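There are 2 protein chains.
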Amino acid sequence: MFRVTFLGTSGSTPTTSRGMPSIAIKYESELLLWDCGEGTQRQLMKYKVGYGSIDAIFITHNHLDHYLGLFGLLETLKLSSPSPRTISLFLPWGLDADGYHFAKTSKIKEGELYSGKGFGVFAVPVKHCRGSHGLVFQEETKLKFHEEKAHSLGLSGKVFREIQEKGKVKTKSGEIKLEDVTWKKTGRKVIYSGDCLGDDSLLEVSRGADLLIHEATFDSSMKSEAIERMHSTVEDAASLAKRADVKKLLLTHISPRYSDHSLLLEEARKIFPATEIAFDGLIIDI
Amino acid sequence: MFRVTFLGTSGSTPTTSRGMPSIAIKYESELLLWDCGEGTQRQLMKYKVGYGSIDAIFITHNHLDHYLGLFGLLETLKLSSPSPRTISLFLPWGLDADGYHFAKTSKIKEGELYSGKGFGVFAVPVKHCRGSHGLVFQEETKLKFHEEKAHSLGLSGKVFREIQEKGKVKTKSGEIKLEDVTWKKTGRKVIYSGDCLGDDSLLEVSRGADLLIHEATFDSSMKSEAIERMHSTVEDAASLAKRADVKKLLLTHISPRYSDHSLLLEEARKIFPATEIAFDGLIIDI
Numbered sequence: 000m001f002r003v004t005f006l007g008t009s010g011s012t013p014t015t016s017r018g019m020p021s022i023a024i025k026y027e028s029e030l031l032l033w034d035c036g037e038g039t040q041r042q043l044m045k046y047k048v049g050y051g052s053i054d055a056i057f058i059t060h061n062h063l064d065h066y067l068g069l070f071g072l073l074e075t076l077k078l079s080s081p082s083p084r085t086i087s088l089f090l091p092w093g094l095d096a097d098g099y100h101f102a103k104t105s106k107i108k109e110g111e112l113y114s115g116k117g118f119g120v121f122a123v124p125v126k127h128c129r130g131s132h133g134l135v136f137q138e139e140t141k142l143k144f145h146e147e148k149a150h151s152l153g154l155s156g157k158v159f160r161e162i163q164e165k166g167k168v169k170t171k172s173g174e175i176k177l178e179d180v181t182w183k184k185t186g187r188k189v190i191y192s193g194d195c196l197g198d199d200s201l202l203e204v205s206r207g208a209d210l211l212i213h214e215a216t217f218d219s220s221m222k223s224e225a226i227e228r229m230h231s232t233v234e235d236a237a238s239l240a241k242r243a244d245v246k247k248l249l250l251t252h253i254s255p256r257y258s259d260h261s262l263l264l265e266e267a268r269k270i271f272p273a274t275e276i277a278f279d280g281l282i283i284d285i
Numbered sequence: 000m001f002r003v004t005f006l007g008t009s010g011s012t013p014t015t016s017r018g019m020p021s022i023a024i025k026y027e028s029e030l031l032l033w034d035c036g037e038g039t040q041r042q043l044m045k046y047k048v049g050y051g052s053i054d055a056i057f058i059t060h061n062h063l064d065h066y067l068g069l070f071g072l073l074e075t076l077k078l079s080s081p082s083p084r085t086i087s088l089f090l091p092w093g094l095d096a097d098g099y100h101f102a103k104t105s106k107i108k109e110g111e112l113y114s115g116k117g118f119g120v121f122a123v124p125v126k127h128c129r130g131s132h133g134l135v136f137q138e139e140t141k142l143k144f145h146e147e148k149a150h151s152l153g154l155s156g157k158v159f160r161e162i163q164e165k166g167k168v169k170t171k172s173g174e175i176k177l178e179d180v181t182w183k184k185t186g187r188k189v190i191y192s193g194d195c196l197g198d199d200s201l202l203e204v205s206r207g208a209d210l211l212i213h214e215a216t217f218d219s220s221m222k223s224e225a226i227e228r229m230h231s232t233v234e235d236a237a238s239l240a241k242r243a244d245v246k247k248l249l250l251t252h253i254s255p256r257y258s259d260h261s262l263l264l265e266e267a268r269k270i271f272p273a274t275e276i277a278f279d280g281l282i283i284d285i
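Quick note, the sequences are listed as chains A and B, same order. First residue of the first sequence: 0, per numbering that gives the first Met the number 0; consecutive thereafter. First residue of the second sequence: 0, per numbering that gives the first Met the number 0; consecutive thereafter.
Treat the hints as calculated values from the structure; they're not laboratory data. Since the structure is predicted, the reported quantities are computational estimates derived from the model, not experimental observations. Just to be clear, a hint being listed does not mean it is correct.
Identical copies look the same in the list; a pair holds intra-copy or inter-copy alike.
What the hints assert, rightly or not - Using 30 Å as the maximum straight-line C-alpha spacing, the simulated DSSO-like pairs for lysine-lysine come out as follows:
id : residue 1 : residue 2
1  : Lys77     : Lys126
2  : Lys106    : Lys77
3  : Lys77     : Lys45
4  : Lys77     : Lys222
5  : Lys183    : Lys167
6  : Lys183    : Lys148
7  : Lys47     : Lys126
Construct the entire structure; sequences and hints are all you get.
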């Protein structure tokens, strides 16, 4: 299970169809939230993600539309019976959440924030407001056996374990090294821009990502407004996706000014065809 | 137009069908909000009440489930263009909302808080947490002419105006006093308990109300829990409605523990038949 659920996809203010920003990531038994705008706890119920099992919440920056729902969610968890499990909160500059005994809070800063079973979550500084970060979910690279090759070399049973532990093993036909019978499965990667100016802050970290979730507050004709407000245009996001050679681009933080999204999608796909526009409730299995 | 719209009717935590507490009151051209729980701005859109035209917001007490949405709503108003109209905020003990140039804040205290065109809003202390108040919408009493009686006494045209101004008028058939040809139309009244212990704090003010909106967090078997948490049972609310001889009782702040509300309704109607259970989006025209 490696599932991304979009809980809220509007920018700045909600609409009847789009809630405030929040993204749930379920990886095996762990559940993470990226941003937690107003109404997130209800979206978690509505889209059956399960708010009681959240392990960690990351808030990309200190703007109210990205964090207000955190306090509603924490209050609900506080009232829950039995007592809620411990939850790790990663908060941006200027935001605190005191008074919740079950919450372990840290400040968001560049580098690894959270280490889960088989993955890590990293933060990358972006330009929007003080302390803004993008987030990276990086699955660990795993060593996989070429089963056929191993069998053809006479490996089986206990020897499998030995070669993993020692890195090599002696057989009748000679020494076999671990790398002779294994291959590296590169970990999957999901990136979330948070709110950010459309620059190259996320270019390196996005290379080859399975999914880039990028804000696209303005259409491409509004580049000067985007710069002024430190947001991205559709073109900024699509150009980044193309240059970083990601597998898929999902545009989010869609401004309520756009009731028809086909134009935004058209703009993006001219540059990067594997683009979709996120909507509340959208599920992407990675 | 005198319309009450229930925007959120859940107690403490939301459900997929019930949002956090908020009630909109539209009286002619004025729009008031009573409580503003998380998600209220979206409920205002969903139920087409129109968040841009709110004149005043009243928060009954300083518990997060009753006020969190205020900050989302104020942020949205702040971003709106043209600049939002001035809004009066009546906040309970311990709650502030600074930094909104278009908001005029006052503390809630016993007595008249707000004077609209043809009505007033009053606060009455209730027992729940520090600074908790119930709210009263009181329409002004109006003087109405008995048109037939006035005509039969020979009053018409300018004389109508004269009798209103002077309180009496001389005609061929003698002096006629204002009270001879008028009757008082008692103003309509809507009461909202906020969260409160089920006692008699609201009894006097509720007498003869057109609508009593009362919290009913617990069923009647849970009286001790209700007392411990300073909430009301269904029986508390229904008994108050009966003794105050109100026209209609709407139960709200329904706990998520009740998925089937028919039992709550049955309990209430045994005591006070003109009871309904509020739901999100319910409109009551007074």
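**Numbered hints the structure breaks, given as an ascending list** = 7
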